[in-house]
Amino acid sequence: MTNVLLIVFIISLVYLGIANRLLTFITIIAFQSFILFWVTLLELHDMSTGNLVFILIETIVFKTVAVPAFLVHLIKKNKMTRDAEPFLHNFTSLMSITCIIVATIVLSYYISDTFIKKIYFVVALSTLFIGLFIIATRSKIITHVMGYLIIENGVFVLSIAVGNEMPMLLNMGIMLDIFASVLILGIFLNKIGNVIKDADVHQLRHLKD
Amino acid sequence: MAGVFIALEFIISILIFINRNKIANYALMALFAAVQLGFTAYGFTHINVTEAVYFCFDPLAMLFMGALSIIAVPALYHARIYIATHRETPRTRAIFFSAMTALITATGAAYLSNHIAVIWIFVEITTLCASALIYHHRNRRSLEGAWKYVFICAISITFVFIGILFLSLSLQHAGTEDLFFDTLLANAPGMNKVWLKLAFIFIFTGYTAKLGLFPMYTAGIDAKDKAPAPAGALFSSVLMTMGFTGIFRVYVIVSNTGLHAWANNVILIAALCSIFVAMVYMAKVKNIKRIFAYSGVEHMGIVMLGLVAGGAGYYAAILHIILHSLIKPALFFQYNYVYRVFQSKSIYDTGNYFRYNRAGAAVLLLGFISATAMPPSGLFVSEFMIFRSLFEARYFAVLILVLVFLSVIIWSFGANMMKLLFIPVEGFDDSKVKRSNPWESLSQFILLGIAMYLGLNPPVQFTLMIREAIQYLPK
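One line per chain: the protein sequences are A and B, in this order. Just add 113 to the spot in the first sequence (first one is 1) and you have my numbering. Just add 1302 to the spot in the second sequence (first one is 1) and you have my numbering.
There may be inaccurate statements among the hints.
Some chain B residues near chain A, calculated using beta-carbon distances under 10 Å [to be verified]:
| # | residue |
| --- | --- |
| 1 | Ala1419 |
| 2 | Leu1430 |
| 3 | Ser1433 |
| 4 | Ile1459 |
| 5 | Thr1460 |
| 6 | Ile1466 |
| 7 | Leu1467 |
| 8 | Phe1468 |
| 9 | Ser1470 |
| 10 | Leu1481 |
| 11 | Ile1523 |
| 12 | Lys1528 |
| 13 | Tyr1658 |
| 14 | Ile1768 |
| 15 | Ile1772 |
Within a straight-line C-alpha distance of at most 30 Å, the following computed DSS-like cross-link-like pairs (lysine-lysine) qualify [stated by the list, open to error]:
| # | chain 1 | residue 1 | chain 2 | residue 2 |
| --- | --- | --- | --- | --- |
| 16 | B | Lys1647 | B | Lys1777 |
| 17 | A | Lys189 | B | Lys1734 |
| 18 | A | Lys192 | B | Lys1450 |
A short list of chain B residues far from chain A (calculated; beta carbon distances all over 12 Å) [unchecked claim]:
| # | residue |
| --- | --- |
| 19 | Ile1316 |
| 20 | Gly1447 |
| 21 | Phe1578 |
| 22 | Ile1702 |
| 23 | Ile1748 |
Derived from the structure by calculation, the hints contain no laboratory data. Here a beta-carbon is modelled for each residue, glycine too, at the ideal position from N, C-alpha and C.
Bound conformation, chain B alone (with noise of 0.2 Å):
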């Protein structure tokens, strides 16, 4: 069933492509939405189970795959709100609404993969489906974001293809030639130390391009600045769990060879760069959707800390970067509306949101207060568990270090956020502006309370999901 679901979804968003009439668009993405919710729940009812040879719907996949489910729906709403304020061709809406499809297609189909090669096949796709989205507007600018994004992402690609090249002349040691992950993970103390370090060096590089860490994160940067803000939500979350789930699996691999210390000392220096970089922009940018993005950078260096700090760590990990796939895409979907009273996306042109539109308004500030990891949000309770076991596991300077980088972090987020809420802009012409419908916030509201709900009181289904996500790392 796997096969033919995700078989389904391309169709439908071929169709999309092909089909130029609006009222056909709206029906096939309806059904694309239903498509996509049942393909969920079938997997969420098959826990375990490998179909096609090579989708399993192990738990890691479908904690992935559910929060992609519950993402996607609002990002299908705000793509089309986006686009029927846009005045679109029907060619460029048609060709906006297929690459969505495809994209949540082809990450879904990468969670679910059970074999090296065919995750990095469905990494290859998105970044084809990505371009197509960042090159959305057809101007010069979306046009330099759009090739930067290509180009890393096809050297990150050809990163990960090296990386998989020489992790099969490891394997070669260990007698098989086989590259799905349980067998790698069945053959990985046989495996060939000096091939797997390069293995890993590569993979994990290639994989940061997607994940948005350091060193190739630029991409993911301008690709989240130039693509609509429905796109940039895709790109924020469901696109970086992609991207940690290309570099998890392999981690689990590596880190039952007797290379897990090396590897942790290779993710914590490239984590805590990430932070760094995140900071150093986060003071300086002045532009809404870049300081969004910059925040993602920083959350992924948070969440490869709780890998390196092991023990809770590892639980603390993989919950973070799922509330934080629920959480960025709410401040994204909020920023449309932004755009929309102020025309511009820079934090100099806006001020006192709070005045035109109050439910979009409380969406930022909740999201800001959400995305800072204070509480009541869900984040605050997986970045206190990382900090936790980073302090159990003996990492005091790092733990200094991040927490000062932290500080600066949030006083930067904190001091834009509040000037867009709070402070009037001088001149700014309001009689203009266009009431926007409370409504349209709703489901931003709806993504930051899942998150909430999910930090603070997680169901026993979803924690035990976690646990069995993280079974094979050594403890």
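Isolated chain A, as found in the complex (with noise of 0.2 Å):
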């Protein structure tokens, strides 16, 4: 079922590749989110109650409603509908997608572990990878910041791979999660928002050498 669930979540990742609408975006993360939800529901079996309670908390209430409504609220309040002008056509993007997926795969044969099982690697390296090559190749600030949760979702997987053996690793996760999360959008975006309208990355030009 964990496969299940982990395949499903790599097959938004491609779908993320041809996603222009902002909305698009804000689903797709809330639905990994979920996802996210059922895997640690089944896989951490060894841990304490209280310490499940908890993520499985944060896992359903702050990264599948609470950060995908702000989003939304942002979008709104900007007026901002879709990703202007992506740097790439969809198709290349696709294809770049697809080859970061392979090359995780692959690289996790050459790996092979007793400690790990592949899918995890694989889902969470790719995510990685896949999250940097958003932020790298679209122009809108609010892009990038959905790139950043994609990656936080992957490294999401991983920790839940040692989250058995190390909950604490587990715990900082989270805590990585609700920092990041409350900095980066609490703060900054609401602010840029508010400064900036319709905020580009192209407008974040005056700081150069």
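Build the complex from these two chains, which are given one at a time in their own frames, with help from the hints.
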């Protein structure tokens, strides 16, 4: 069951490559967080109940509902609908994402380890690189933030993989989640939205050498 | 006691944030400085003692902690002058002081952490405090600087976290799950090499954002440019040392696993790229603060070359980073007074500074000599040792390349500084220039003096501590 969920997770990443509307991005992020909720529920059986409940609440309330809702609020407030002028065509973007996934699968066979299931490694690493890819190829600041949230989801998958043995690391991952989301979304994206309407990275070119 | 001191310092910074009264703010700042000095003194009397489970006063941490306290006092003093001369509201003043004190506390706690996760947490806290300092002016450019810093640091901190996850996987092969640095070191030979390689790459890349090394150095440059100079002084010294601590502690582990040569290659590439980038930008940049910031990138490259060279290079690397963290703040503190005279940070609008502030100009001249590692600068000693160990380790090509890069850096740095100090600006109306108080440059002289003293005539205790800090590295 976990494998099926993680494969669905990867498919959502492929869909991300051809998404242009911001709302689609947000839906995918929320959907991925929901998958993470199920994976956590199925996988972390060795964990103490209190800790497990905390993690489940974080994934369902914070990651699946609160952050996407806030993003929706932001794009409505600033009247943004789609990511203007992607640097790459959908086809190129789709191919690049596929290549990243294939490359991580090859890498995972090279590593072969008994302590971690390969699929976790593949999902986590490809999510990380796809997140970076999204950040590099999209132009809106809000899309960059979404790219970062995707990276966070990837990291979460990896921390679930070691979660049973080291619950402390999983809690750290959640701390990172909350800290970065609150800092980036709450303080700055809100402020940038107020100062620079329809914020595009091209407007962040005053600081240069 | 370590826990009590750290908690006390955080409480003081929260109190500064809550309390908007000017005198109360200043009193709390003085109290903070006293607590910080007391904490450091306490640490020096408890070397190698672990307290509150996660904090250990080991020699490396205490060397950096000592430097932190030496820099923190003038930084708070100049922060007070900065706020007093900028007609700040009580709110912005409280946020500025509070963020500054919290930054100093978190940096100190990160040095002392003996657990890889705890150091990570404090590094995260420094990002939060630093972003408040960068955004101090609340205009469009400072927002841009803060945004870039926060975003890149968020990605870098995620990288470090991924590195820690890989490290934990690597550690499971050694049959333990404990992430204390001494446990990691003891179990180093049994770790899985592939995971460890991945862990090192991610942790190294992540911490370069704080250390100011290629590839994540960009965030730090904008931060030092946009933040008020007293904060920039902290970013260019103690925060860089913190990034170094994060990398060094993992490097010690990796170098004991048979991956030493491989890790050296990774570091060598980053170091060379950093010095190259610094060279290119220093020849081009005309913004005084950014020149100082790029000079920091160059020095961090040299420090990492010291690690790569090995032998006496280890010692020189630690010495170099300590001395650099004393010299660079002096230049940043003095920058504020330059700005007060010319109302610009561009080299084109500034010049003949000797005429307006002799003491301050002497600081800049001495700071320039110190930062370019010319005798009698302390950095001359450490840089010379690093080059000698590179020579002994037979890195001839690297050495030649670095010497060429450094010549260009010294030439461009010198051309800009000489213009600032001696060449008059055409059309500059100096009738409204206010005289600066020469005593306000005293702290800069002291910092530069300490750096010279430590470099040229290091006390025995100081050298012993550096030797103890590098004792676990292979010869």
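Evaluation of the provided hints:
{"no.": "1", "hint": "Ala1419", "result": "holds, 6 Å"}
{"no.": "2", "hint": "Leu1430", "result": "holds, 6 Å"}
{"no.": "3", "hint": "Ser1433", "result": "holds, 7 Å"}
{"no.": "4", "hint": "Ile1459", "result": "holds, 7 Å"}
{"no.": "5", "hint": "Thr1460", "result": "holds, 6 Å"}
{"no.": "6", "hint": "Ile1466", "result": "holds, 7 Å"}
{"no.": "7", "hint": "Leu1467", "result": "holds, 5 Å"}
{"no.": "8", "hint": "Phe1468", "result": "holds, 8 Å"}
{"no.": "9", "hint": "Ser1470", "result": "holds, 5 Å"}
{"no.": "10", "hint": "Leu1481", "result": "holds, 8 Å"}
{"no.": "11", "hint": "Ile1523", "result": "holds, 8 Å"}
{"no.": "12", "hint": "Lys1528", "result": "holds, 7 Å"}
{"no.": "13", "hint": "Tyr1658", "result": "violated, 27 Å"}
{"no.": "14", "hint": "Ile1768", "result": "violated, 32 Å"}
{"no.": "15", "hint": "Ile1772", "result": "violated, 29 Å"}
{"no.": "16", "hint": "Lys1647(B) <-> Lys1777(B)", "result": "violated, 46 Å"}
{"no.": "17", "hint": "Lys189(A) <-> Lys1734(B)", "result": "violated, 50 Å"}
{"no.": "18", "hint": "Lys192(A) <-> Lys1450(B)", "result": "holds, 23 Å"}
{"no.": "19", "hint": "Ile1316", "result": "holds, 18 Å"}
{"no.": "20", "hint": "Gly1447", "result": "violated, 6 Å"}
{"no.": "21", "hint": "Phe1578", "result": "holds, 15 Å"}
{"no.": "22", "hint": "Ile1702", "result": "holds, 27 Å"}
{"no.": "23", "hint": "Ile1748", "result": "holds, 32 Å"}
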